[in-house]
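Q: Single-letter residue listing:
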Amino acid sequence: MTDRLFPTQEIGSLMKPRWQLLGQRGESLDDAARADFVRWNELLHFVPADDPAVRKFLGDRSREVGAETVRDWAALFLLRYLEATGLDRVYDGEARRIEMYEYPVRQMRGFQFLGHVRSFDNKYYLKAAGTGEVRLDHPYHVEEFEFVRDHAKATPKLPITGPYTLADWSYNEYYLRRHEGWKGRDVRRRAQRDFVVEIARQAIRPTLAALIEKGCRVIQIDEPAAGTHPQEAELVAEGFNAATDGLDAEFSMHICFSDYRPLFPALLEAKRCRQWAWEFANRDTDGRDGYEVLNLFREYGDTRQIGLGVLDPHRDEVESPERVKDRILRAVKILEDPRRIWVNPDCGLRTRRLEIAYAKLQNMDRGAKLARAEVGGTAG
Amino acid sequence: MQAITSLTSAFPRSEALVQATRDLDRGRTTPEAVQELYLRTEAEVAGLEQRLGLEPRTGGYLRWQDLFRPFAESWEGFTVGPLTRWFETNQFYRQPILHSPPGRVAGAIANWLPLPPGGKGPRKAILPGPYTFAGLLDNRSGETPESLTHRMGRLLGDEVQELRAAGYTAFQFQEPLLVYRPPEGARAEAVVAAYRAIASAAGGSVVAVWTYFADAHNAWPLLSRLPVSLVGVDLSETDALALAPATERRGLGLGVIDPRTSLVEEPAEVVRLARSIADRHRPTSLWIGSGAPLDLLPWEPATRKLHGLPAVRQGIDAASGGP
Numbered sequence: 001m002t003d004r005l006f007p008t009q010e011i012g013s014l015m016k017p018r019w020q021l022l023g024q025r026g027e028s029l030d031d032a033a034r035a036d037f038v039r040w041n042e043l044l045h046f047v048p049a050d051d052p053a054v055r056k057f058l059g060d061r062s063r064e065v066g067a068e069t070v071r072d073w074a075a076l077f078l079l080r081y082l083e084a085t086g087l088d089r090v091y092d093g094e095a096r097r098i099e100m101y102e103y104p105v106r107q108m109r110g111f112q113f114l115g116h117v118r119s120f121d122n123k124y125y126l127k128a129a130g131t132g133e134v135r136l137d138h139p140y141h142v143e144e145f146e147f148v149r150d151h152a153k154a155t156p157k158l159p160i161t162g163p164y165t166l167a168d169w170s171y172n173e174y175y176l177r178r179h180e181g182w183k184g185r186d187v188r189r190r191a192q193r194d195f196v197v198e199i200a201r202q203a204i205r206p207t208l209a210a211l212i213e214k215g216c217r218v219i220q221i222d223e224p225a226a227g228t229h230p231q232e233a234e235l236v237a238e239g240f241n242a243a244t245d246g247l248d249a250e251f252s253m254h255i256c257f258s259d260y261r262p263l264f265p266a267l268l269e270a271k272r273c274r275q276w277a278w279e280f281a282n283r284d285t286d287g288r289d290g291y292e293v294l295n296l297f298r299e300y301g302d303t304r305q306i307g308l309g310v311l312d313p314h315r316d317e318v319e320s321p322e323r324v325k326d327r328i329l330r331a332v333k334i335l336e337d338p339r340r341i342w343v344n345p346d347c348g349l350r351t352r353r354l355e356i357a358y359a360k361l362q363n364m365d366r367g368a369k370l371a372r373a374e375v376g377g378t379a380g
Numbered sequence: 001m002q003a004i005t006s007l008t009s010a011f012p013r014s015e016a017l018v019q020a021t022r023d024l025d026r027g028r029t030t031p032e033a034v035q036e037l038y039l040r041t042e043a044e045v046a047g048l049e050q051r052l053g054l055e056p057r058t059g060g061y062l063r064w065q066d067l068f069r070p071f072a073e074s075w076e077g078f079t080v081g082p083l084t085r086w087f088e089t090n091q092f093y094r095q096p097i098l099h100s101p102p103g104r105v106a107g108a109i110a111n112w113l114p115l116p117p118g119g120k121g122p123r124k125a126i127l128p129g130p131y132t133f134a135g136l137l138d139n140r141s142g143e144t145p146e147s148l149t150h151r152m153g154r155l156l157g158d159e160v161q162e163l164r165a166a167g168y169t170a171f172q173f174q175e176p177l178l179v180y181r182p183p184e185g186a187r188a189e190a191v192v193a194a195y196r197a198i199a200s201a202a203g204g205s206v207v208a209v210w211t212y213f214a215d216a217h218n219a220w221p222l223l224s225r226l227p228v229s230l231v232g233v234d235l236s237e238t239d240a241l242a243l244a245p246a247t248e249r250r251g252l253g254l255g256v257i258d259p260r261t262s263l264v265e266e267p268a269e270v271v272r273l274a275r276s277i278a279d280r281h282r283p284t285s286l287w288i289g290s291g292a293p294l295d296l297l298p299w300e301p302a303t304r305k306l307h308g309l310p311a312v313r314q315g316i317d318a319a320s321g322g323p
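Top to bottom, those sequences are chains A and B.
Everything in the first sequence is counted per the working numbering, starting at 1 for the first residue and increasing by one.
Everything in the second sequence is counted per the working numbering, starting at 1 for the first residue and increasing by one.
Since the hints were derived computationally from the structure, they do not count as laboratory data.
Fair warning: there could be bad hints in the mix.
Stated by the list, open to error - Taking CB as the label site, the calculated pair distances span:
#1 A:D289 <-> B:R40: 30 to 36 Å
#2 A:P48 <-> B:E300: 30 to 36 Å
#3 B:T79 <-> A:G376: 45 to 51 Å
#4 B:E184 <-> A:H179: 49 to 55 Å
#5 B:R22 <-> A:F264: 35 to 41 Å
#6 B:H99 <-> A:R350: 54 to 60 Å
#7 B:S224 <-> A:I98: 28 to 34 Å
Glycine residues also receive a C-beta, built at the ideal position from the N, C-alpha and C atoms.
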C-alpha cells in the first residue's frame, strides 16, 4: 500500500505497437511503424537510441534483431509507458501475451484443444476440453515477471487468468464422466466444481507459488467469466481460495462487464482477496450512477479495497481529470473511507490506440491528484 | 409413437469456414471464395443429416451470424445494435434495435435459408420465436412488449406461409427466453396469441417451440397451452419426468445432446431416459435433438455427438414397436 490516497494501477493489456508485430515476424518496418518507435523512444527512452541493434531494427534489418529482442523492447516500452503516466503499480502491458486462455491451458496437462467456437460474427476462439486430471507442466508467466521485476521502477502487479474462467471457457469431460448417470444440471454443477478446484490447486496455485518465490507481491486474478453464471459465484470464490491457499501476497480479483448484484454475497467468500478491481465507468452516467453498485459492499459489510474503474476502455473519448475526480469522490461518498480506493481503468485498454490510452491514463493520474487535494491528506 | 431425430439449431462452422471467414475479414480472400465454401459446407451438413437420418433437414444455418441477424438486417424498422451476451454463454449476438413497428420484407428470410427451394424431402426452418425475439431486442418503437410479441407472431406467421410455398414442412421457433424469463399475465397471453397466428399460417405443417438454457418447469403451464405441434425441452436443464403431461396429446421435443460439454452422450442412457419420459407424457411423436444450440461446440465434436442419434432413434422405436 502506498502512503498516499487514491493510488493508481494498471489493470490489463495494452495494444501492441505495430513495430512489435512486424519485428516479431521478421518483417521490415514501414515508415509509420518506424516513426512510431522513434517518437515513443524519444519520450520514454525505453532503449538506447544508439544501440546497434536498434539501429539495425530501424534501418531495415529487423530480421537480424530477432523476435525475442523485439518482445523485450515492447515489454520495456509498455512498462515505461505505464510508469510515465504516474501509476503506482505497473506491468508490461502484457506485451508477451496474445490472449488469456490458450496460453495458460497449454502449460497444463489434462486438456485437449478441440477446435474453434464462434464468439460472434466471424470471431472465434480455440476451445479445449478437460479430458484428464489437470496437472501443471511448468509454472508460467515466471520469466515474464522476472523481466518486469528487474526493470520496473514502480511496483509490479502481475495479472493471471483465474481458475473459474479457465474452466468456464473449456468443456468439462473428465470430471463430468466421473459422475454416474444422466448429466443433468446438478451433476454438471458438481463436476464443474471439481474442475475449477482442480485447476486452482494443481495449476494456478503452484504457478502463484513460483511467482511469489521470485518476488511477486501483487497479483491480480482475472475472472471475466465470473458474471456468466451468477448462480456459480460461490464457485468463483472457492476457486480463488483454492488457488491462493496458504500463499502470502496481495491478491485482487478483476471482473468486468458483468451484473455484479447476483454475485453478492457468495463472491465475498473469496477470503484472501484483498481488493475487488471491477469495471464501473462503462456503466456510468452524468449522475455517477455507475458507482451505485458500490453500495453492495456497504450492504454486506465488506470493507476490502476497491480497484475503482474510472476509464471506459471502449471509447476514444478521453475522460477529463475532473470527471475522474468526480468518480473517485462518488466512491468515497458511498464507501465512506477514501483509504480503500485504488484507481484504475475499467479493464485493459488494448482496444484503444496507444496515444488515446496514454492520454486517458495521464488524466486518470491528474484526476486522482485532484481528488487527493479535495479530500486532503494521505492514506495513513 | 414415432421418434424423429433432427438438427434443432445452427450447426458449427467447419474449421475451413472458420479460417475462410477470418481471412475474409482480414482481406485475405474474396467474398466469392467464401460463398463457394459456404455452399459446399452446407451441402456437407445436408449430407450428414441424410446419412444420420436427421429429418426434416435444415442445412445447418452456417451463414447466420446470430439468430436475429437476417431479420435485423432485412426487415423494416431495424438496425443492428451492440454486441450482447447470448444468455449464460461466451457467445454474443448483435442486439437488434427496433426504431418503428417492424415490417416484413417478402423473400428476404428465404434468401438466408440454407436449403434451396424445390429440393426433395421434408425440410425444417429454424426461426426466432416471437417472445424471444421481442424480448431480446432493444425496443425503441414505442409499441408495448405485449403488442410487439403478438405482432412478431403475425409477421412470423406470414414468413411461415411464404416458406411453406418454398417447400418447408416444419417450423421450429427458438424460445430460450420463454424458460429463462417466463412471461406472466398479459405478456403470457400475447405469447399464446402470437402462436395462434403462427399455427393458423402453418396449416397442417409442424410447428415446434424449442426451449433451452433454463429449466422449463416454471414456464410449463404456459408452454402446455401453446397451440403448437410440440414443445422441446433441454434435458440438461429440465427434469422432464417432473413436468405434468399436457391435457391434449401432442408431440414432445427432447434436447438430449448437451453442447456445453464435448462429452458424448451414451445412446443407451438417452434411450432409457427418453422412454421413461415418453411413458409419462405419452406424446404423439418424440422429437430428439440438441438442447442448447450445437454451435456452442466446434465442428468435429458436434458431428461426433450427432452420430449417437441414429442409435437413440432406433432404441426408442424398438421399445415402442414403431415406426
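Q: Please go over all the hints and tell whether each is borne out by the structure.
A: Hints, one by one, checked against the model:
At about 51 Å, the CB distance of D289 of chain A to R40 of chain B disagrees with the hint of 30 to 36 Å. Against the hinted window of 30 to 36 Å, the Cβ-Cβ separation of P48 of chain A and E300 of chain B comes to about 51 Å, which falls outside the hint. The beta-carbon spacing between T79 of chain B and G376 of chain A, approximately 49 Å, falls within the hinted interval of 45 to 51 Å. For the hinted restraint 49 to 55 Å between E184 of chain B and H179 of chain A, the CB-CB distance of approximately 35 Å leaves it violated.
For R22 of chain B and F264 of chain A, the hinted distance range of 35 to 41 Å is satisfied, since their beta carbons lie about 39 Å from each other. For H99 of chain B paired with R350 of chain A, a C-beta distance near 33 Å fails the hint of 54 to 60 Å. For the hinted restraint 28 to 34 Å between S224 of chain B and I98 of chain A, the CB-CB distance of approximately 50 Å leaves it violated.
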